[in-house]
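Engineer: My numbering puts the first residue of the sequence shown at 39, with every later residue one more than the last.
Hints are computed from structural coordinates only; laboratory data are not their basis. A hint or two may mislead.
[Stated by the list, open to error] Below 27 Å or equal to it, Euclidean Cα-Cα: the simulated DSSO-like pairs (lysine-lysine) are:
no.: 1; residue 1: LYS413; residue 2: LYS396
no.: 2; residue 1: LYS285; residue 2: LYS234
no.: 3; residue 1: LYS287; residue 2: LYS234
no.: 4; residue 1: LYS200; residue 2: LYS115
no.: 5; residue 1: LYS287; residue 2: LYS243
no.: 6; residue 1: LYS200; residue 2: LYS101
no.: 7; residue 1: LYS101; residue 2: LYS115
no.: 8; residue 1: LYS413; residue 2: LYS462
no.: 9; residue 1: LYS243; residue 2: LYS200
no.: 10; residue 1: LYS234; residue 2: LYS200
no.: 11; residue 1: LYS285; residue 2: LYS243
no.: 12; residue 1: LYS234; residue 2: LYS101
no.: 13; residue 1: LYS200; residue 2: LYS285
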Amino acid sequence: MGLADLETFVGQVWSPDVRLLAEDAWRCYNAGAIRACIAATWTAVTADIITKLVWLADDGDNKAVSFRNSIAAAQSKGLQRDGVRAMQSIESSLLANAVEFELIDSIGLRELERIREDRNLCVHPSLRTLDDVYEPRPEVARGHLAVALTTLLIHPPVQGRKVVSGLAAYIDDPSFVPTVPYIQATFFDRVRSATKQTIVNLAAKHAVLEIDTPGQLSAADYADRMAVALDAFAQRDRESVRAAVAKQKERFRTLDGATQLRTLGRLGDHDYFWSSVDRALATRLLGLLDAPSSVAEGQAFPRDLAAGLAVVRSRDAREGLPGLEQRFEDLPWIDRMAVVIAARPDPYFLPSVLEFIKEAWSFRTGEQAGRLLIKHAPFLTVDILATALENWCTNVQCRRASEMPEIAVRLLQHTAHLGQSRAKPFAEFLSGVQEMEEEGDYYSYPALEAALVTHGYLR
């Protein structure tokens, strides 16, 4: 770890009070006071553990309350002999308490014990013969400070089991909101490596296998939510998520087709899912997407089948299932547009949407095409918008469908990201429809004209 990294970690110490002690150790190291640096590092460690255990007690951890009471009793005696002895006794068991309350693990315990041993050598010269004074090397002090920071000081007092149970409660919450930054900050960032892996493995098991849930949600709904968390974790550590998903491969292979299809729709967008799909499993998944033979005439298109086919928008999915695009193309137009694409808007589908607008064969399908264009508005560029509006203008089934004048106004609103540049294609569209329709008629789009005037695009 470089000096710049070390200084950065000093600034990230969880407790403001302990941060001051860590800064003392850092200043001692830079000044060449190596013994003082090691002693100050251990002081920061002890203060940090005490602070965190008291915080846990204040947060309602009953086991930590007795520790807090011991601290308060020792502090009440001040610098009297009994008070000093009480604090020495507390300090001697601090690392054990830190392990018990999951502030550190057994590896961290060993590393922090080395800091304590070297601190004792630094402040108690009597531990060695008088003619053999302990001379710690600078790299030893720097290593101790790095270990203290990364093992303990920068982490909040989050216990592994509580983080895991907290994630389960969050996923099962009736008020669940899939907020990626919150998931990352609460259940991943600054959580210990071992706990991170436990959390990632748990999310992968639920997302891939739909295992039993701890609450009221169905396994499928719980898995959908866990998939959101899994992708949030992947944005921080993709390889860890990839490894966790790979562990589920053999169990996933033996699941029933309905579950496999739901998992495909849930995770098929992501490379870490396809890393675990071999040729045999790919053949199985592709067979599950055989839509024409799966949907009887007059029946509603199955939601899970639509979600599975919609992963065609992902390059990883198209590479993982070479026949996927053909399955998608084989769908009847109305199912492809109104079911699959409408469920999962994506830039990949824009060419199909433009074609749907151009070829709409009835007022009803024209309106469906317009609504689909609204859903894809965030992905539009000026050129694509111009093409869509041109197709719309020249197709009477779109131009004269009853909902389309209103949809035109909504499209103007939903393309705000294009700014002033969208003025020209909308003005040309308006001019085109007015040439084909009677002036002042509903299908000459007067509401769009008024909206363009309001936005300053027309005078």
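Engineer: Now tell me, hint by hint, if it's right for this structure.
Structural biologist: Hint check results:
1. LYS413 - LYS396: holds, 17 Å
2. LYS285 - LYS234: holds, 16 Å
3. LYS287 - LYS234: holds, 20 Å
4. LYS200 - LYS115: violated, 34 Å
5. LYS287 - LYS243: holds, 10 Å
6. LYS200 - LYS101: With Cα atoms ~14 Å apart, LYS200 and LYS101 stay inside 27 Å; holds.
7. LYS101 - LYS115: holds, 23 Å
8. LYS413 - LYS462: holds, 21 Å
9. LYS243 - LYS200: Distance of about 19 Å is within 27 Å: holds.
10. LYS234 - LYS200: Holds, because 12 Å separates the two Cα atoms, which is no more than 27 Å.
11. LYS285 - LYS243: holds, 9 Å
12. LYS234 - LYS101: holds, 24 Å
13. LYS200 - LYS285: OK: LYS200 and LYS285 at ~24 Å, within 27 Å.
Hint 4 alone, counting from the list given before, is not met by this structure.
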